[in-house]
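Protein sequence lines, in the order shown, are assigned to chains A and B.
If you count the first sequence from 1, position 48 lands on 48 in the UniProt record's numbering, and the numbers rise without skipping.
If you count the second sequence from 1, position 106 lands on 106 in the UniProt record's numbering, and the numbers rise without skipping.
Take every hint as true, because none was put in to throw you off.
Covered by chain B, according to a simulated footprint, are these stretches of chain A (three or more residues, beta-carbon under 8 Å):
(1) 350-361
(2) 397-406
Now the in silico label distances, taken between C-beta atoms and shown as ranges:
(3) SER154(A) to ALA60(B): 40 to 46 Å
(4) GLU173(B) to GLU19(A): 52 to 58 Å
(5) GLY223(A) to PRO76(B): 36 to 42 Å
(6) GLY223(A) to LYS174(B): 57 to 63 Å
(7) LYS144(B) to GLU335(A): 48 to 54 Å
(8) PRO193(A) to GLU138(B): 36 to 42 Å
(9) PHE142(B) to LYS300(A): 50 to 56 Å
(10) HIS379(A) to ALA185(B): 20 to 26 Å
Computed list of lysine-lysine pairs in DSS-like fashion (alpha-carbon distance at most 30 Å, straight line):
(11) LYS3(B) to LYS70(A)
(12) LYS47(A) to LYS68(B)
(13) LYS276(A) to LYS295(A)
(14) LYS61(B) to LYS48(A)
(15) LYS184(A) to LYS268(B)
These are calculated hints, taken from the structure and not from any lab test.
Note that this is a predicted model, so its numbers are computed, not measured.
Glycine included, C-beta positions come from ideal geometry on N, C-alpha and C.
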Amino acid sequence: MGRKLLTEHINVEGIDTIEVYRKHGGYRSVEKAIKTMTPDEVVEEVKKSGLRGRGGAGFPTGMKWSFLAKPEGVPRYLVCNADESEPGTFKDRQLMSKLPHLLIEGMITSSYALGANTSYIYIRGELLYVLRILEKAIAEAYAAGFLGKNILGSGYDLDLYVHPGGGAYICGEETALLESLEGKRGNPRNKPPFPAVQGLYARPTVVNNVESIAAVPVIVNDGGDEYAKIGIGRSTGTKLISACGHLNKPGIYEIELGVPVEEFIYSDEYCGGIWKGRDLKAVVAGGSSVPILPKELILKTAAGEPRLMTYESLSDGGFVTGTMLGSGGFIAMDETTCIVRNTWNFSRFYHHESCGQCSPCREGTGWLEKILHRIEHGHGTERDIDVLASVAKQIEGNTICPLGEAAAWPVSAAIRHFRDEFEWHIRHPQEATRPGAVYPGKAVLA
Amino acid sequence: MAKITFDGIEVEVPDGTTILNAARTIGGSIVPPAMCYYTPLKGSGGKCRACLVRVAAGSAKDPRPMPKLVASCVTPVQDGMVVENTTSEQVLNVRKGIVEMLLINHPLDCPVCDQAGECDLQNFAFEHGVSTTRYEEERRTFEKIDIGPLIQLHMTRCILCYRCVYTADQLTEKRVHGVLGRGDAAEIGTYIENIIDNEFSGNVIDVCPVGALTDKTFRFKQRVWFTKPVNAHRQCENPKCCGKVVLWYKGKDVLRVTARKDQYGEVKEWICNTCRFDKKETADWTLEGPAHIDRSSVISANHYELPVLNASVVADLPESSMRDLEQNPPMRLGN
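The following block holds chain A by itself, in its conformation from the complex (with noise of 0.2 Å):
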């Protein structure tokens, strides 16, 4: 059984309550980083743990941190960005419903390390239920004198609030998240300057993903050099993966960083392999975002390694023949699964969402959609996969935001791998629209 960090208590009874959480150990690292601590040292913690950020850039936290300007008088913010809303990817729900006092123990610690007196959680609008249980567990922590003034009688003072975002995933993007939390529409900023020079209100501001701030108080409490022991590599520590799909066992699991992908499927701690017993057709590892990639490569990398659950080993390869971790949201396809079908679902995703700030995106989401529409529903022409593939290529790289390539990445991987299956569609339309449809395969059509 690989460790729990983050979830070992997660089942017991009532550990939404302060009372409960803390007979679990739980408000140990404020008072250690408050009583003990100066702010630097907790940031050299973190730098220390290897910790990266989980909302799917993996980007070095403590490293993140240590950019944040700090401007004498002037205040500084840290914003919890809870808007997960990535199709297949709802890790951070689960947390925030069941353990709230986690997140709120690691956003005092973590703005005590960054010299925040005011702090934020970004909620996505249509979690109301964890709003209020956010809310109720922020009034008990106030109770017992973690939040508000003076805490702990250390002279530091914190305010958190939880603000409920409109609902569009765009406001997931962090700049945008920003506009959206200053009252104004969730466009993106141009970057730079970047919010940890000019961010909430045109202060310095750290914006950090859910289960990255959820991790900070077992590295205060154990150490960040404890902590950089698990994993592997530049992965250390665990990660919560929120597997769907056709899986025998779908649900959010704690894993070492590290366990082999196709442990993680077929074992019993995990998965337990693919419903049905049916074959593995295909996985989108780290959300909709990220390449999928076809069972051959997500389970051994090219050069025929076992692909582990880390950074490095997802992405290794590249687009060519690789993916990235992104925010854990591992979608496994079986044998029976369109393709062609799922990229354009995805695509209608990002078609929907996109802001509409910048031409590529706003135009491009719109005509990829459009594309795979119709090769799906059997108007598609020989021409159509090119001009779908330069078009994701025009959007890619070209966006003031990320958006752009996520709504790219998956129409070009599903290229790149399932070309045979488009041609199909476009080639024998009235076979691949017949309802419950499924490409016969290469070997079955030569």
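Take the given structure of chain A and dock chain B to it, following the hints.
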């Protein structure tokens, strides 16, 4: 000061200057096109992606190339930066793609569009686009919305550059319009079909790079290349209005009044609606001389200054303009 190399040309500009403005100090055809950036409007830029350039070296301290193309209008220069614009195949290819994207929903109705001849997108497409499109799907269209007696909104032609939104936000106190919806369903609109009614609202017409916002008092009266632009001024009672305009003549009639623009099509100083819409008699104005239009293709191509020259106007011309006219005599109509 920062020294940068732009397409092989070295130029020194003050710190904080954007790459685009650094290129503008060099001038000429190497300056990246800008559909959404507008110098007088704070916060504009970065949206159309027309001005993307390749940064081959970030700075003298960190000479690594930037991983992606950057929007030159919002990226500040750094000492030692090396920028590729017309010298980069990648940039030129991307620009073709941007033209194609912008023309997906923009109708090619230039023959009946009032912006034809002064349209940034027309120029951009001419300079960087291809003559065909691969887009076969249904295009976006909109019902006409009445936004008042002075300005016509043609949402179908809008490329969502946000310039008019910034203008309304920064220039007027009673802003009633903005962007509604998102993605390719986003549109410029007024909240619950309001009309746009304030003393500086006409400026949104000048900043619009395409024919989405046009002057209702001028629409369909004349093609711009048949009119003659003349600089003029008046003592405007509105303290925020500069009173310096361009009068667009057809014969003796003033068909249109606009603010003065620089060589990049950007308004130099804002004018009020009284000057724009109500003062259309020559007697209302002190004429200064022919307006020189640098950028808008068909107007500058035919040198329309000369036909409006008359003794009184020439006498008022500043010495530098006279020298310029002597050295580069404009072609006469009918020559």
